[in-house]
Structures are given as structure tokens and as C-alpha cells.
Amino acid sequence: MNTALTWRKSSYSGDQNGECVEVAAARAGSNPTAIHVRDSKDTTRPALTTTPTAWTAFLTLPRDTQRTR
Numbered sequence: 227m228n229t230a231l232t233w234r235k236s237s238y239s240g241d242q243n244g245e246c247v248e249v250a251a252a253r254a255g256s257n258p259t260a261i262h263v264r265d266s267k268d269t270t271r272p273a274l275t276t277t278p279t280a281w282t283a284f285l286t287l288p289r290d291t292q293r294t295r
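In terms of the numbering used here, the sequence shown opens at residue 227 and continues consecutively.
Simulated from the structure, these hints should not be mistaken for lab results.
Please note that a few of the clues may not be correct.
[What the hints assert, rightly or not] Here are the simulated EDC-like cross-link-like pairs (lysine to aspartate or glutamate), alpha carbons at most 20 Å apart as the crow flies:
(1) K235 - D265
(2) K267 - E248
(3) K235 - D268
(4) K235 - E248
(5) K267 - E245
(6) K235 - E245
[As the list claims (entries may be wrong)] Pairwise CB distance ranges, derived in the manner of DEER restraints:
(7) L287 - C246: 26 to 34 Å
(8) A230 - P288: 26 to 34 Å
(9) R253 - F284: 16 to 24 Å
(10) G255 - P288: 27 to 35 Å
Just so it is clear, CB atoms sit at the ideal spot from N, CA and C, and this is done for glycine as well.
Input sequences plus hints: build the corresponding full structure.
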């Protein structure tokens with residue numbers, strides 16, 4: 227499954243130690259159907275899979291938390 231996905235790493239991730247995650251979106255046409263997250267150090271292990279809605283909520287949580295402080 228993971229071989230057909232295009233994996234992306236954050237631009238904030240450095241090359242040192244390889245300690246970061248990679249993200250890929252499974253798509254049906256232009257719409258994402260699932261978001262996959264994996265450890266960049268061991269790409270053979272299963273990826274964590276979530277919905278696009280849950281992934282968006284996860285990404286906006288830090289921003290929303292800052293607003294409520």
C-alpha cells in the first residue's frame with residue numbers, strides 16, 4: 227500500500243538523525259480519502275492512517291490553542 231503513495235516530509239525537518247515523520251494522502255481523483263503518517267527512520271513499519279477531517283483538526287489544534295490563551 228505505501229509504495230503507491232507520495233510521501234512528504236516537513237520543510238522544518240532537518241537531515242540530521244532522520245528523526246521526523248512523513249505524510250502521504252491517498253486520493254480518489256483530486257479528493258483525499260485517507261492520510262497516512264509514518265516514521266521516516268523505519269518506512270517498512272505500518273503507517274498510522276486517519277481521515278482527512280481528523281488530520282486537519284490535528285494540524286489546527288496548536289493554532290487554535292494559542293488563540294484561547
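Against the structure, the hints:
The suggested pairing of K235 with D265 holds, with an alpha-carbon distance near 10 Å, which does not exceed 20 Å. For the hint pairing K267 with E248, the CA-to-CA distance comes to about 10 Å; that is within 20 Å, so the pair holds. For the suggested pair K235 and D268, the alpha carbons sit about 14 Å apart, so the restraint of at most 20 Å is met. The hinted pair formed by K235 and E248 meets the criterion: a straight-line CA distance of about 5 Å does not exceed 20 Å.
Our distance criterion of 20 Å between C-alpha atoms is met by K267 and E245, whose separation comes to about 7 Å. For the suggested pair K235 and E245, the alpha carbons sit about 11 Å apart, so the restraint of at most 20 Å is met. Under the hint 26 to 34 Å, the C-beta atoms of L287 and C246, about 19 Å apart, miss the expected range. A hinted range of 26 to 34 Å for the beta carbons of A230 and P288 is consistent with their spacing of about 30 Å.
In this structure, R253 and F284 meet the distance hint of 16 to 24 Å, their C-beta atoms being roughly 19 Å apart. At roughly 30 Å, the beta-carbon separation of G255 and P288 lies within the given 27 to 35 Å, and the hint holds.
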